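S.K.: Respectively, the protein sequence lines represent chains A and B.
Each residue of the first sequence is one higher than the one before, starting from 1 at the first, in our numbering.
Each residue of the second sequence is one higher than the one before, starting from 1 at the first, in our numbering.
The hints are simulated quantities; they were obtained by calculation from the structure and are not laboratory data.
Don't take each hint at face value.
[Stated by the list, open to error] Pairs of lysine to aspartate or glutamate, DMTMM-like flavour, derived with a Cα cap of 20 Å:
id : chain 1 : residue 1 : chain 2 : residue 2
1  : A       : 115       : B       : 134
2  : B       : 115       : A       : 134
3  : A       : 115       : A       : 104
4  : B       : 115       : B       : 134
Source: prediction; values computed, not measured.
Listed below, chain by chain, are the residues.
Number of protein chains: 2
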Amino acid sequence: MNNSSSDRIVTALRDWIASAPAGAQLPSTRSLVAEHGASPVTVQKALRTLIGQGVVESRPGVGTFVCAPRTARPHDYGWQTSALGAPRHRLPHISPAMRTAPQDAIALHSGYPDKELLPERLVRTALARASRGDAALSRSPAAGLPELRSWFAAELGAAAPAGVSSPAASDVIVLPGSQSGLSSLFRTLVGPGNPVLIESPSYWGAILAAAQVGVRLVPVPSGPHGPDPGDVDRAFARTGARAFYAQPSFTNPTGALWPAAVAERVLAAVRRHGAFLIEDDWAHDFGIDADAAPLAARDDSGHVVYLRSLTKSVSPSIRVAGLIARGPARDRILADTQAEAMYVSGLLQAAALDVVTHPAWRTHLRALRGQLASRRDLLAAAIAEHAPAAHLDAVPRGGLNLWLRLPDHTDLPRLTRDCEAEGVIIAAGDDWFPAEPTGRYLRLNYSGPNPGAFPEAARIIGSALSGSALSG
Amino acid sequence: MNNSSSDRIVTALRDWIASAPAGAQLPSTRSLVAEHGASPVTVQKALRTLIGQGVVESRPGVGTFVCAPRTARPHDYGWQTSALGAPRHRLPHISPAMRTAPQDAIALHSGYPDKELLPERLVRTALARASRGDAALSRSPAAGLPELRSWFAAELGAAAPAGVSSPAASDVIVLPGSQSGLSSLFRTLVGPGNPVLIESPSYWGAILAAAQVGVRLVPVPSGPHGPDPGDVDRAFARTGARAFYAQPSFTNPTGALWPAAVAERVLAAVRRHGAFLIEDDWAHDFGIDADAAPLAARDDSGHVVYLRSLTKSVSPSIRVAGLIARGPARDRILADTQAEAMYVSGLLQAAALDVVTHPAWRTHLRALRGQLASRRDLLAAAIAEHAPAAHLDAVPRGGLNLWLRLPDHTDLPRLTRDCEAEGVIIAAGDDWFPAEPTGRYLRLNYSGPNPGAFPEAARIIGSALSGSALSG
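Go ahead and model the full structure; you've got the sequences and the hints to work with.
M.R.: Spelled out as structure tokens, the structure:
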């Protein structure tokens, strides 16, 4: 390598750069070699020098480019404040449940199951197969791939009692995840400014979607046995609401599975008030001691609009959900979801269908049931032993979370900070309340990474609880 | 195969089915073989008979299930009419441009390029690689994968003139397609009931998204050289609008590339009125005789919000778009897109990045340019020869479409019907007008399948035009 010849190229290129516009592409290494009669190594050394000086930048596989000059002036975006105005609805901050945790932390805050609980081999095989098929290069119909729509319909239909007609494939709309479904349902079935009943506590993503659309939440208390059907009836009568958003199977966060009698009476109230039940069957694949029993299967009068996501049980990269609705509601929802997202990647739909119709999917779900059971019991036992002040009202019969009541005077922000300082990430319960929280709660996800660390995590929570975090 | 033994199994199973609930799963083939002492072939024959009789249904890979009884009563969804009320905004029907055409038709209506114009090998390889990587099983951050955000920022930054600072990766939000971006931008930057300027004609998907959000469209005439900047200025002044939605490069449908002077004067008007320019760079990769020149690259004051989709140029299955915005607008948009869709499949993001950073991507784009040029010229020449009544104002220098003016008294619905009867699917221009169409137009996509059929298609259009389709 010849230093002076590399320096010579640097000087020549700096001259060239001085008169070139920002973003201009430098000549290729090959032409610089020819122009300067230097070796490729020398030319590359010169380019590295220029990169180090911040005047050019390399984009791998593309070439080397003149950098834009760094402007020192700070930008003034003040004019945007006037253009934007005050927000119509202030959106809640995104929940800490979506935070990416540090690698070495014990993460009990997240809403997603760990990779070891996913059907990894099935997912990879299905994606690889889909990458070779038609779906990789073609556009899906707006409502979804016909085979996947049939599958969603058949899954719900399989739970239909005698005398209740099953949904048809044409009643299914495939969505890029259930969050889009929530937004769309609040827009189309409720509408800005109008009331919608919601369990309290309930899923923070639904609370967020409601805030985005600007619907008015009407909280209905919901405990380990779901809501009191009388409360639901009275809330409908009082507010004139025409919809109730609920998670009857393994409610997030409480884990409640509505008893059949509650489900029947709520459904009766919904019918009596000419309303919709928006059933978010988020944990359909996460039954442990019980199976999810969709209310939508018992209804063929169009009162229940059903939402089932595959994202959590198949893979977070497979953003696919099915929405089932009948009657004019379906048409209005489809018009909205088309305007919002046009269509869902056919590749993801094909892969999702491939996973859930593979015989190994049933085997996986059976094994998952056992894994969730032992993780749930391990965490519950560890909390009972090491953090007895955190009270578990009911052991959930499915889902991914424990919902723990803390002493009333717990300083929740301080508790989460103290735990985090010790490497345990927890989610304070406040985000799951559509109004003021009625107590201090923690939601602990037992499907996250590293169940071996549950006792340690419980010890840390227990010590933080008995220590400084009690402000009262 | 023994007929009577197959019949015997059918009878036994019909008894069993009569007392089973709808949706119940039949015993496995193996256990039926054991139970009836029959061969698997005989059992399967019995099952096929039952399927033919409509009493059971087979779900491949899952099993055979008792069908739900067909209820004869028609459903009464009348109550939904009261619950839903009249729609706030009546959504336009989904454009015929999204129709799936019959296999053997000559399809000139669609908005998407044919598979042969896509980088098929790159896409399949990238998807296969992504299916083996981390992205297949993990959740993407809400704003997108950092590497993909950097790539979108660098692409726009590469076009920035000296003195204008490039966008940062943190200014980029990855979306599941540009349609979601349009909805989100109309919600956050405009808001229901408020005015937004739009070129006329303009992209029907934007008109649809505007209707969904309920913003008020203010059409600004736009021809082969884009809009008149004076018109833009006056429309801002007259309506107090704070945003202008436009496609400065290869406008859909007209194909216009705004001359530099028009772009500068429009940008000046946008700044003067403290407004946003929503720049939809839909055809960034579809330059033919000219390159797309994003206005957003010339602005670092947050006035231009930039939208670029990879869906059309990479693959319809890779629903990935980048939105670039600076200042508080970015934060407000991100809050909205999170509430709407949470995050975009990391698998699709990883595959998209893999495609666009591969050296073969540049090679593909160069070849694509040539293919689009010859398809465009072939269709334009065929129309000039065989359908001279269809007038092409200007040969587009990029994009996917010819925009043809028809005689004023053309009966468009009849023309499209007549062409379709002869196997040519065309899109009437009306859907591209935010208000009443100012004339009769056709949008013909030259990037669809089968350019060899262009002369034949032109002949059919010409004969339909000169025939009965002229109502005047």
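S.K.: Now tell me if each hint is right for this structure.
M.R.: Hints, one by one, checked against the model:
1. A:115 x B:134: Answer holds: residue 115 (chain A) to residue 134 (chain B) is near 10 Å, not above 20 Å.
2. B:115 x A:134: holds (10 Å)
3. A:115 x A:104: holds (16 Å)
4. B:115 x B:134: violated (28 Å)
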